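Student: Top line first, the protein sequences correspond to chains V and P. Taking full-length UniProt numbering, the leading residue of the first sequence gets 1, the next gets one more, and so forth. Taking full-length UniProt numbering, the leading residue of the second sequence gets 1, the next gets one more, and so forth.
Just so you know, the hints here were simulated from the structure itself, not pulled from any lab data. There could be a bad hint or two in this list.
Straight line, CA to CA, 25 Å or less: simulated SDA-like cross-link-like pairs of lysine to any residue [claimed, not checked]: (1) K232(P) x L171(V); (2) K232(P) x I170(V); (3) K232(P) x S89(V); (4) K69(P) x E46(V); (5) K69(P) x V79(V); (6) K326(P) x E46(V); (7) K166(P) x V79(V).
It should be emphasised that the depicted structure is a prediction, and the values quoted were computed from it without experimental measurement.
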Amino acid sequence: MARYLLTRAWQSALTLLLSTIVVFVGVRALPGDPALALAGEDRSPEALEAIRRHYGLDQPLPVQFVQYVERMAQGDFGVSIRTGTPVSSMLTTALPVTVELSVLAILIAAALGVGAGVIAAVRRGRPAEWLANGLALIGLSVPHFWLGLLAILYLSVATGLFPASGFVPILEDPVDNLHHIVLPAVILGTGLAAIIMRQTRSAMLDSLSSDYVRTAKAKGLRPRAVITRHALRNSLIVVVTVVGLQLGGLISGAVVTEQIFGLPGFGKMTIDAVFQRDYPVIQAVVLLTAAAYIVINFFVDLLYSVIDPRIRVTGDPA
Amino acid sequence: MTNLSVRDTNLPRRRVLRAAVAAAVVCTVVACSPVSNSGGGGQPGGDQSAGQDSFGTPADPAAVKQGGKLVIALSAEPDALDPTLSRSLYSRYVFQAMCQKLYDVNEQAQVVPQLATALPTTSGDGRTVTIPLRPGVRFADGTAFDSAAVKATLQRHLTNARSARKSELGPIDGVDTPDAQTVVLRLKQPFAPLLGALADRAGMIMSAQALRTRGDDFASAPVCVGPFKFAKRVPQNSIEVVRDPNYYDASKVHLDAISWRILTDASIRAANLRSGDAQVADSVSTQDVASLRQDTAVSVLQSQSLGYQGLTINVGNVDGVGTAAKPINRPLAQNAKVRQAFEHAIDRKALVDAVFNGLHAVACSPISPASTFSSAEAQTCPAHDPAKAKQLLAEAEVQTPYAVTMLASNTPDTLRLAQALQSMVKDGGFDLKINPVEYSSLLDEQDRGNFELLQLGWSGRIDPDANITNFVGTGASQNVAGYSNPQLDTLLTQARQAGDVEQRRKLYGQAVTVLQQDDALIYLYRQRNLTAVSKQIQGLQVFPDGVIRAAFAGFGK
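Please construct the entire structure, taking both the sequences and the accompanying hints into account.
Tutor: Rendered as structure tokens:
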């Protein structure tokens, strides 16, 4: 186990370093110049030069990279070229929003997806399955932005049930916080819920037709116990894998959802930073996202062994 | 870029406006403009039909509740909240509530005193400008507003390495403070656009104490004189200001707080307005105006523009903007007849009607009809004449259809405009190809000179010099066309040094004639700033400088 952890840690560090280089080079390969984006209408050669000098953009790329890595090593993400705010403070504000949104979206998606998946499998061939399948198809096919717009139109503008935009930190007012974030979380969770439903359904169908379920039934266990304790538990391994793999989709979905609902999270920060060529912000956001991926994958692997004791982590990560 | 406009087909209104402007000019010359902190009165509010301006009206104190937080859905993120460094229109919205200026702009596009008590007096040689300051004024931090603060602010504008104000302030040689209520600016040479600059961010005075303690970090907690003071900013999301008890005219302030929430999508802004999560939405799309007008709870303000949207033709920008012009081996770059042909192929009125539902106004010059410096010459418009276009192309001996590639922003509005242009110029013998790119890339390509023809605009400033010289003056910092005409340079220099309004007006008229002969920049239309406001709100105004004035607004009783 210790050897496995060490190997994974080393691999993670290497991935992170490579990500740093790719992000640094990738951001600078974008057409457009942050100095021009910042100078806007009031640009003049002197102003552009002053902006470039101030943010170190006049230095050769290798020098900029070394300075960037040095600062990162000290936990300094630099300051936003657009607003002059330290990127670390922007991250501190944005991160909790996206984490809350994503966690809530996963919880909603898992509850809806697993529930509908189990029902669809158990009620195979009946209207309940058709309904679950139909909803899943809609959840998969309809883009987030369109669902978000519809939700705003009907649940905010027409009925006033939910606010159309804005965010209240959870520590400031937990009830208001939930009121603001539930709708975006449901929208964000729909796609994932559909995927979870389909995976749960097919895994459950496999499990329900397997020998151990037949044995459990033969032992005289009640159907509910057979489904939850035997079939579902074994099916969840697939679901966890899928959720892990879909987290990337969740983050990209959060970009759109946050933009539509005006949530001050990572996604909105990323879009705005890309449009404004705000290098320090893009770098920090992409790097943290990469780090989050690495950590999530690591924990998904660990979770396998918890859910299914037949899987044991060993020194061989393969 | 956000631009606004006045519709030049509305003749009776233009006459009224001209009369008002003429009165204003007389008043300006004798320095008798009234002192007003909100830019004076307004025109009847409520919805107007397409083509008419509706600036909003000042609030009636008897009909307005005290307190409440106004939420404004803003289309873009303001940059640094530091008057020295700020470069975006959107920061001006926020500054309007918390950073007053020596001078302001009113609804007739006139400059009026704000933190000054009168328009400046200029010495006979035009090199000494004296500004009297409003007494008994305090900054949000409680320190006194005086000539020392003005001096500290102007010196920071002039010396800070990243200052965006330095060039706007022109040839200032020194700032004197004979007493606490008087500032004297010494100039190396006469500089007429100075007043216009002091009615914008260059005239926003910062607390000297805050400048000392915060230095370059001033934007994190800006301190100025204003009805509101800075409270908090969540980058990429919102900015909030709260009522400032130190404000000298606090009885006119009704709201407790104003929050600008950044919502970049126009339909999302409109949805927030309709759901009541925001009471104001800026930059409403011309596509949404009709449906908003049907909403009885919302009114749409439209304000005339000082800027323009146009087409720039690359006539000499080979090595990047600011470098010496070089010949470009293309008939469009070399031969003015080809450019004139392109202009004659454009039907501006049809373009504005088809693409913007007639909400924007036709423009043929950089000088807005609303400007004090406008004249018949400045508003001359080359006719839409496809036959003449073809004839000019034949004279220039180019083969038709003549292919031209246009670089344009990839926003939906611009793309619709580009497509309409494409079909329009076909009749004149042109084959227009559209190359849409994202805005940051467009700026980059423009400055590098990697374009044949490009579509962009300018949000406009109160003084015409700021709308012309920088774009068409030889070697000027935003002359992306690489255009140079010594005769025009002379006219523009004379105009910026002339003290007399009439003389400047005449010179700008001549400059427009030259511009239209060379046609390196083809002006197309002036945007009208469209702002949607909930009818719950009273006293919100938008003037020709495009800035939303929310400081003296309030919720209706």
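Student: None of the hints should be skipped; say for each whether it holds.
Tutor: These are the hints, each one checked on the structure:
{"no.": "1", "hint": "K232(P) x L171(V)", "verdict": "holds (17 Å)"}
{"no.": "2", "hint": "K232(P) x I170(V)", "verdict": "holds (18 Å)"}
{"no.": "3", "hint": "K232(P) x S89(V)", "verdict": "holds (13 Å)"}
{"no.": "4", "hint": "K69(P) x E46(V)", "verdict": "violated (40 Å)"}
{"no.": "5", "hint": "K69(P) x V79(V)", "verdict": "violated (30 Å)"}
{"no.": "6", "hint": "K326(P) x E46(V)", "verdict": "holds (22 Å)"}
{"no.": "7", "hint": "K166(P) x V79(V)", "verdict": "holds (24 Å)"}
Of the numbered hints listed earlier, those contradicted by the structure are 4 and 5.
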